[in-house]
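**Q** Listed below, chain by chain, are the residues.
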Amino acid sequence: GQQLNQSPQSMFIQEGEDVSMNCTSSSIFNTWLWYKQDPGEGPVLLIALYKAGELTSNGRLTAQFGITRKDSFLNISASIPSDVGIYFCAGQLAAGNKLTFGGGTRVLVKP
Amino acid sequence: NAGVTQTPKFRVLKTGQSMTLLCAQDMNHEYMYWYRQDPGMGLRLIHYSVGEGTTAKGEVPDGYNVSRLKKQNFLLGLESAAPSQTSVYFCASSYSRKGTVGQPQHFGDGTRLSIL
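Chains as they are written, first to last, in the numbering used here: chain A, 2 to 112; chain B, 4 to 119.
Pulled out of the complex, with its shape left as it was, chain B reads as follows (with noise of 0.2 Å):
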């Protein structure tokens, strides 16, 4: 069972390079999460999807954009990165159904990403 796949596992970026993460979820989740985690902060939301063509800021948007195309996929951007952006990121999607209670997030392994 596949889930919540990310790509790259693993990247280093100089200053100022672009990249572009990829989530792909094979459990037909409406919702699309990304999230970064840095030491003794816990998670924190950069961006949401509620849906295919909808997107949302989070917690901590700036420096970052999000395109949600297909359902099954998420993009997270970095058109400019910046030493503050070395983290690790994580993808999450849940089910959601109008007027129930809040579904479950399942995460992918992370992107863990180094800006020199």
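The shape of chain A in the complex, shown without the other chains (with noise of 0.2 Å):
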């Protein structure tokens, strides 16, 4: 089945720092979405990417979507404790189906 590779699995971050994260798959998808999680929670939808190539921002958060359709990253800039969770990228083929979603990086403040 597809696979979904996220990386790094995990980061720690200074404030005011940017943060970067990618996924990579082994096959193509339509639609891109990066998800965050915090601790006792669902995870949030942050931006949904729907184009190959495309550029999304969302405040402090930048994600693109990859020309070859196999990879997209987010981009955080300028981090804060609250950015602190588990970030998810997802990938989605077409308008209803399932997602398949990475392993997801726990974003971490450094001691």
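Any given hint could turn out to be false.
Residues from chain A that keep clear of chain B, each with C-beta distances beyond 10 Å, as calculated [to be verified]:
#	residue
1	12
2	13
3	23
4	27
5	28
6	54
7	80
8	84
9	111
Under the rule of at most 20 Å between Cα atoms (straight-line distance), these lysine to any residue pairs were calculated in the SDA-like manner [to be verified]:
#	chain 1	residue 1	chain 2	residue 2
10	B	12	A	4
11	B	60	B	81
12	B	60	A	4
13	B	60	B	91
14	B	12	B	78
15	A	52	B	119
16	B	60	A	95
17	B	17	B	60
18	A	71	B	68
19	B	12	A	53
20	A	71	A	54
21	B	12	B	119
22	B	12	A	42
23	A	71	A	53
Computed far set for chain A versus chain B, every beta-carbon distance over 12 Å [said to hold, decoys possible]:
#	residue
24	25
25	74
26	79
Simulated from the structure, these hints should not be mistaken for laboratory data. A quick note: this is a predicted structure, and the numbers were derived from the prediction, not measured. Quick reminder that beta carbons are idealized off the backbone N, C-alpha and C, glycines included.
Put the two chains together into one complex; each comes in its own frame, and the hints tell you how they fit.
**A** Structure (structure tokens):
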């Protein structure tokens, strides 16, 4: 089946730093989604990407849909403590089709 | 705004017991999904429904059954709970129109289930 590899698996951030994570797939998707999950809660949608090459921003978040349709990245600029959490990428083939999720990137604060 | 509501939020069961998890959405979404989330494994799809009265198997359907008798509700049943089903269960829903690209799924806050 389809596999989504998300990297890094975890990272430490210092306030003010930029953070990047990416997702690669063995096959193409028509939609890429990025979610954030806080402890004890469900995933919350951050950004949705619908076109290859598309670059979309949501506040300090920027995500891109790779030209090959097999990858996507998420960038967080000027990180703040509340950016801590688990970020998931998800790929979708068509309307209503099930999502395939990456394993998540855990963002932690540098001690 | 309620969105997607899951009940119960927590439950402890003994092996062999049965139970039903309820998911309700008030967004008039056609599609609904049940996932399980285990440490280090992300979200895996159990079953999903593309409309009232229809269900389909996902990635890990064994040991679970579902029903979608009403558009707004999607029930997940465990007939005979096993310790391997200890997990956090998430329900999601999405709106979809024919011919359009995929719509984002909206998630509930999860049900934490422990099977002893």
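**Q** If you check each hint against the structure, which ones fail?
**A** Checked against the structure, the hints that fail are numbers 10, 15, 17, 18, 19, while the rest are satisfied.
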